[in-house]
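Chemist: Starting from the given sequences, assemble the full structure and let the hints guide the process.
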Amino acid sequence: MKNKKKKKKRNLGGLIFLSSVFILYSILFFIIPDKTLISLKTSGNFFLKLIPILLLVILFMGLLDFFLIPKSISKHLGKKSGFKGWAIAITAGILSHGPIYAWYPLLKELKTQGMRTGLIIVFLYNRAIKIPLLPVLIAFFGLKFTVVLLIWTVTASLIEAKAMEILE
Amino acid sequence: MNIPEKKSPKNLFNSFLKSIKSFVNILPVLIGVVLLLGLFRVNVSPRIISSVFRGNLWIDSIIGSIMGSLSAGNPITSYIIGDQLLKGGVDLFAVTAFIIAWVTVGIIQLPAEAAVLGKRFAFIRNLLSFILAILASMATVSVLNLIQ
Numbered sequence: 002m003k004n005k006k007k008k009k010k011r012n013l014g015g016l017i018f019l020s021s022v023f024i025l026y027s028i029l030f031f032i033i034p035d036k037t038l039i040s041l042k043t044s045g046n047f048f049l050k051l052i053p054i055l056l057l058v059i060l061f062m063g064l065l066d067f068f069l070i071p072k073s074i075s076k077h078l079g080k081k082s083g084f085k086g087w088a089i090a091i092t093a094g095i096l097s098h099g100p101i102y103a104w105y106p107l108l109k110e111l112k113t114q115g116m117r118t119g120l121i122i123v124f125l126y127n128r129a130i131k132i133p134l135l136p137v138l139i140a141f142f143g144l145k146f147t148v149v150l151l152i153w154t155v156t157a158s159l160i161e162a163k164a165m166e167i168l169e
Numbered sequence: 011m012n013i014p015e016k017k018s019p020k021n022l023f024n025s026f027l028k029s030i031k032s033f034v035n036i037l038p039v040l041i042g043v044v045l046l047l048g049l050f051r052v053n054v055s056p057r058i059i060s061s062v063f064r065g066n067l068w069i070d071s072i073i074g075s076i077m078g079s080l081s082a083g084n085p086i087t088s089y090i091i092g093d094q095l096l097k098g099g100v101d102l103f104a105v106t107a108f109i110i111a112w113v114t115v116g117i118i119q120l121p122a123e124a125a126v127l128g129k130r131f132a133f134i135r136n137l138l139s140f141i142l143a144i145l146a147s148m149a150t151v152s153v154l155n156l157i158q
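Residue numbers (the working numbering), protein chains in the order written: chain F, 2 to 169; chain C, 11 to 158.
By construction, these hints were calculated from the structure, which means they are not laboratory data.
Straight-line distance between alpha carbons at most 30 Å, and here's what the computed DSSO-like set of lysine-lysine pairs gives:
#1 F:LYS163 <-> F:LYS81
#2 F:LYS85 <-> C:LYS28
#3 F:LYS112 <-> F:LYS80
#4 F:LYS85 <-> F:LYS112
#5 F:LYS50 <-> C:LYS28
#6 C:LYS28 <-> F:LYS80
#7 C:LYS129 <-> F:LYS50
#8 C:LYS31 <-> F:LYS80
#9 F:LYS109 <-> C:LYS31
#10 C:LYS20 <-> F:LYS109
#11 F:LYS109 <-> C:LYS129
#12 C:LYS31 <-> F:LYS112
#13 F:LYS112 <-> C:LYS28
#14 F:LYS76 <-> C:LYS31
Looking from chain F toward chain C, a few residues come up when the C-beta cut is under 8 Å (computed):
#15 PHE18
#16 LEU19
#17 SER40
#18 MET62
#19 ASP66
#20 ILE101
#21 TYR105
#22 LYS109
#23 ARG128
#24 ALA129
#25 VAL137
#26 LEU138
#27 PHE141
#28 VAL149
#29 MET165
Because the structure is a prediction, the values reported are computed rather than measured.
Don't be surprised by glycine CBs; every beta carbon is placed ideally from N, CA and C.
Modeler: Written out as structure tokens, the structure is:
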């Protein structure tokens with residue numbers, strides 16, 4: 002009952018947020034109509050690009066819910082998952098594609114099933130490393146910078162995970 | 011063959027239904043975030059971003075992290091802006107903080123993160139990422155200075 006109430010409140014929060022954005026667009030439309038229309042078109046393009054990733058995440062979540070039982074999540078990604086859990090989270094973060102917010106529901110589902118908070122942090126942080134973009138980073142800042150930055154990114158993700166688990 | 015209760019086709023359908031329902035729940039926030047991203051992309055130019063740096067190493071590193079946190083989009087954009095900032099005389103510390111914060115802190119995505127993963131989680135995670143963007147940038151540039 003309490004959970005249902007909380008969920009309803011959360012949904013209402015989402016609708017209030019969306020309404021606020023619509024109000025912001027309406028105000029901006031009167032001030033800078035051309036730019037507002039271009040922004041709307043840009044957002045539409047973002048959303049179209051987002052659809053395949055959202056479908057993929059929905060598929061992942063459905064399959065996860067069907068095949069995985071909380072016990073196996075706890076074993077591989079839970080509090081006692083150890084080095085393997087960190088390695089899985091880092092690799093999954095690096096390999097995951099699309100915008101970060103598309104992955105939130107899947108992470109919530111995994112957390113509900115027993116995934117360690119630190120591993121969620123590590124996953125989200127390591128999304129900063131994108132293998133297809135590495136040549137671009139090297140082209141702009143050089144190989145040495147890229148390698149050192151990547152090492153510190155992984156290190157920072159582990160520090161943040163530990164800090165988060167202490168603060169939680 | 012005896013199919014266990016959990017793996018029946020009916021349960022597969024229910025699993026997908028559950029998955030779709032959780033997406034429908036976050037759809038208003040998701041649409042809101044995408045609309046904000048559109049506004050950001052069109053109205054905040056790289057020139058606006060580069061105009062806020064002051065020439066002080068510490069302050070610029072913090073500004074770099076703030077600007078990266080407020081920005082969003084493809085990381086390539088942050089590399090291009092970062093390159094322009096370097097050419098414009100902004101220190102590598104600040105530029106590194108900027109490109110790290112660009113991908114690790116998400117102020118625009120914060121409503122979506124808070125709605126799905128919880129307000130406390132989203133707030134602490136973004137705050138830690140903001141601080142770590144500055145620290146990681148200092149660590150990166152210091153190591154580079156040492157090995158060069």
